[in-house]
Amino acid sequence: MIRDFDAQLQVVLTALQDIVAPALSGADNHVIEQLMLSIATIGFVKARLPEARRFYRMDLRSWIDLSKDAAQIVSVPDDMAKAIAAGVGVLTDPEADSADIEAISRQLRDHVTALSAAAVGQPYQADLEAVILEKLGVLIAQNRQWTASFGFELQPENLPLAAW
Amino acid sequence: MTMGEYEIINEGQRQRPNDAIIAQIRDRYPTEPEIDRVLTTKMKRRQAGKCFEAATLNQLVEGTSNLISDRLGRPVKISNAKWLSGGASKIQMKFELDWTEPDGEERTDVLVLRMEPAASVTESSRTREFEVINAVNGIIPAPRAFWVDPDGSFLPYPAMVYAFASGSAKPSYDAGKVSGLGQNYGPKLRAQLAPQFVGLLAKLHTIDVACIDGMKHFDRPTVGSNQSIIRQVNSMRRIWEEDRIEEEPIMEIIYRWLIANAPPLDHVSIVHGDYRSGNFLFDEEQGKITAWLDWEGASLGDRHQDLTYAIMPSFAHLAEDEATLLGSGMMAENDLYAAYEKASGLTVDPVRIAYFNIYNRYLIAILTLAASARASRSRGTHQDVLVNYVVGLGYPALADLRDYYLGVVT
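Quick mapping for you: the protein sequence lines, in order, are chains X and Z.
Residue 68 in this note's numbering sits at position 68 of the first sequence; the count goes up by one each step and never skips.
Each position in the second sequence, counted from 1, maps to that position plus 1000 in this note's numbering.
Hints in this document: simulated from the structure, not taken from any laboratory.
Heads up, the beta-carbon is just placed ideally off N, CA and C, and yes, glycines get one too.
Keep in mind that the hints are not guaranteed to be accurate.
Stated by the list, open to error - The calculated label-pair distances, taken between Cβ atoms and stated as ranges, are: (1) X:R3 x Z:K1050: 47 to 57 Å; (2) Z:N1334 x X:A130: 28 to 38 Å; (3) X:I19 x Z:T1056: 23 to 33 Å; (4) Z:P1263 x X:G43: 37 to 47 Å; (5) Z:D1103 x X:G43: 55 to 65 Å; (6) X:G26 x Z:G1152: 49 to 59 Å; (7) X:G26 x Z:T1290: 24 to 34 Å; (8) X:E134 x Z:P1263: 25 to 35 Å; (9) X:E134 x Z:L1318: 23 to 33 Å; (10) X:A130 x Z:V1351: 19 to 29 Å; (11) Z:L1318 x X:G43: 22 to 32 Å; (12) X:P156 x Z:V1351: 28 to 38 Å.
To be verified - With a Cα cut of at most 35 Å, we get these calculated DSBU-like pairs of lysine-lysine: (13) Z:K1044 x Z:K1216; (14) Z:K1077 x Z:K1288; (15) Z:K1050 x X:K46; (16) Z:K1170 x Z:K1342; (17) Z:K1094 x Z:K1082; (18) Z:K1170 x X:K46.
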């Protein structure tokens, strides 16, 4: 079926790997490099596309958790509280699409950073920064797992298992 | 939305900034005038909605010929032009030039045109690159720089012409890495190259900067002051503000720390700024470094910036024992510092090492998660697929930044 994204990507990968790449032997290095990187990038998309919605939901859950932890330390602005509530709502809405999920994660990223900037010189600055650094350590590790196929991990086997 | 004092620009404005936004960012993060000019030019291009427009080889030949003819005041002949691969940020063309020196000497040289795309992983000044290569001429093996087109008057984008340097950036038996990231030279070649790698860094850092007449587009830092480092941190923060795709709160925390803890300079060095595997050429048979490349990030500043950059995990790999991390595929960190102290006569200060380890990790996170991501999304380069791929380094880099920072402050 033409609706099957995986099949569409698979046929492109096969064409690039089996037909185009051998035909380019002897081409300029940068041409071959761009082809190889194109194959790797499409391979990444093929592997992650079916998991994307789950990944975005995990990402949003993490930002909501961090925001709630921050709210335990300092009173958060009304618009941040609304964004937290909207995030919880999106996670319980089976019809919410990935764009909705990503948009709220993005808002919470901005709110947490703004909160951190406003904390400078305040008695709670250290506590807030500690929570941000701790919580984001976990989320960054998940993002590393998400992009591990790019080949930049020294020891990918040591990354935590995917939590999405 | 109350965003606090920190934010200047939103995503829509990042994609199409207006003059007021550009001015606000410049005011908030003051940096060296030439760096300011380069970053402002980037934003102006973006304001105009200009994507990268590919030039043909013939267009580059014509532009290069016009540039050189203008500089020499006489016509020149270019032949055998072809694309040159390598690097993630600049467009390069190799060619032969028949020309006459001002003293009347007729000669034929193999040269390279190095031109910026519309956007780049590292926005930089061709003028500064031209000046620093000339400053190290005769001290560090680097290709002679001949002519520069700083504003793209003759070529589609700013460019410079320098001598072609022979050698390889990657060993023949491990040529699959992107831009030298994690390059493994193997035990034999490593043993030959590592002493040169350290020795040339020591030579670079001990050049007497006060005696250099050129480098007019570099601010001259003052020993005892940290202002030059603060300006450099501001330039990175500015790129983060201009280019990021999404916010990372850790970056704001670490920016504040870098400003608050910037150490005063104890010695002014020429800093290469990208001193690592992949940025030098070597003769594999002789085991000899033949040329240092990619001087675009050079500055006058603190030697610890290069020292810590060379051992960044992003450019390292594990040795055959599966335990020792080899910075730039050369040496373990402490071995490199000890060899450097011996070769340079300069001290390696643990406090500054800690500072610049964070500084460079902050830089790598910005170049990957912000500059590379923005440049490829905006179709700004001649190899968006490569620049986009480099974004994959972003989260390992951010994790490394966070972990190192926590190790220093807790």
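Status of each hint after checking the structure:
Here the CB-CB span from X:R3 to Z:K1050 is close to 37 Å, at odds with the stated 47 to 57 Å. Taking the beta carbon of each, Z:N1334 and X:A130 are about 30 Å apart, inside 28 to 38 Å as hinted. At roughly 27 Å, the beta carbons of X:I19 and Z:T1056 sit within the given window of 23 to 33 Å. For the hinted restraint 37 to 47 Å between Z:P1263 and X:G43, the CB-CB distance of approximately 44 Å keeps it satisfied.
Distance hint for Z:D1103 and X:G43: a CB-CB separation of about 57 Å, consistent with the stated range 55 to 65 Å. X:G26 and Z:G1152 have their C-beta atoms about 33 Å apart, which leaves the hinted 49 to 59 Å range violated. Taking the beta carbon of each, X:G26 and Z:T1290 are about 25 Å apart, inside 24 to 34 Å as hinted. Checking the proposed 25 to 35 Å range against X:E134 and Z:P1263 shows it holds: the Cβ atoms sit about 27 Å from each other.
Roughly 28 Å separates the CB atoms of X:E134 and Z:L1318, a value that falls within the hinted 23 to 33 Å. Here the CB-CB span from X:A130 to Z:V1351 is close to 23 Å, well matched to the stated 19 to 29 Å. About 25 Å separates the C-beta atoms of Z:L1318 and X:G43, a value consistent with the hinted range of 22 to 32 Å. Take X:P156 and Z:V1351: their Cβ atoms lie about 33 Å apart, and the range 28 to 38 Å holds.
Straight-line distance between C-alpha atoms of Z:K1044 and Z:K1216 comes to about 24 Å, which keeps the hinted pair within the 35 Å bound. Simply put, Z:K1077 and Z:K1288 have alpha-carbon atoms about 33 Å apart, close enough for the 35 Å limit, and the pair holds. Note on Z:K1050 and X:K46: the hinted pairing holds, with a Cα-Cα distance of about 31 Å set against a maximum of 35 Å. Pair hint Z:K1170 plus Z:K1342 holds up; C-alpha atoms about 28 Å apart against a cutoff of 35 Å.
Our distance criterion of 35 Å between C-alpha atoms is met by Z:K1094 and Z:K1082, whose separation comes to about 5 Å. Taking the CA atoms of Z:K1170 and X:K46, the gap is near 30 Å; set against the 35 Å cutoff, the hint holds.
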